[in-house]
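The sequence shown begins at 24 in the working numbering and counts up by one.
Rather than coming from a laboratory, the hints here were simulated on the basis of the structure.
Treat the hints with care, since some could be wrong.
Calculated pairs, SDA-like style, for lysine to any residue (alpha carbon to alpha carbon, straight line, at most 20 Å) [claimed, not checked]: (1) Lys85 with Asp101; (2) Lys53 with Phe37; (3) Lys88 with Ala77; (4) Lys88 with Ala76.
Everything numeric in this text was worked out from a predicted model, so none of it was measured.
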Amino acid sequence: MGSLPEWKDRLLEFAYTLYVEGMCDCGRPKFECRNEANAGLYEAADITCHAQAAVEEHTGQKGFKAEPGQRFYAVEIDEELVTRRTFAPLPDANNRRDESGEGNE
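Working from the sequences, and respecting the hints, build out all of it.
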């Protein structure tokens, strides 16, 4: 039997594999979006990926020719200007509350 960390890694890999295989190309779980009971409950929508738009604008220029193996990706012009989602800070593990609502201080 392998070490505990090795088994944790394998378990995480297995869980991730199950997750990926359960997802449809549309980004939703297969059991949801391919269920006949859900037919007609979706409609098409679009959204613009501005990072991909910048790459397509660059590579779509007249006379553009990529070098063999050359790939393009978007980079931020100014990190401070990019709007990001903010997340609430995680609770302090040393000051968690038990089920009664009491802290463990």
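Hints versus structure:
The straight-line distance between the Cα atoms of lysine 85 and aspartate 101 is roughly 27 Å, outside the 20 Å bound, and the hint therefore fails. A threshold of 20 Å between alpha carbons decides the hint, and for lysine 53 with phenylalanine 37 the separation of about 18 Å falls inside it, so the pair holds. Under the criterion of a C-alpha separation no larger than 20 Å, the hint pairing lysine 88 with alanine 77 is consistent with the structure, at around 16 Å. In summary, the hint linking lysine 88 to alanine 76 is supported, as the alpha carbons are separated by about 18 Å, within the 20 Å threshold.
Going through the hint list in order, the structure does not satisfy hint 1, though it satisfies all others.
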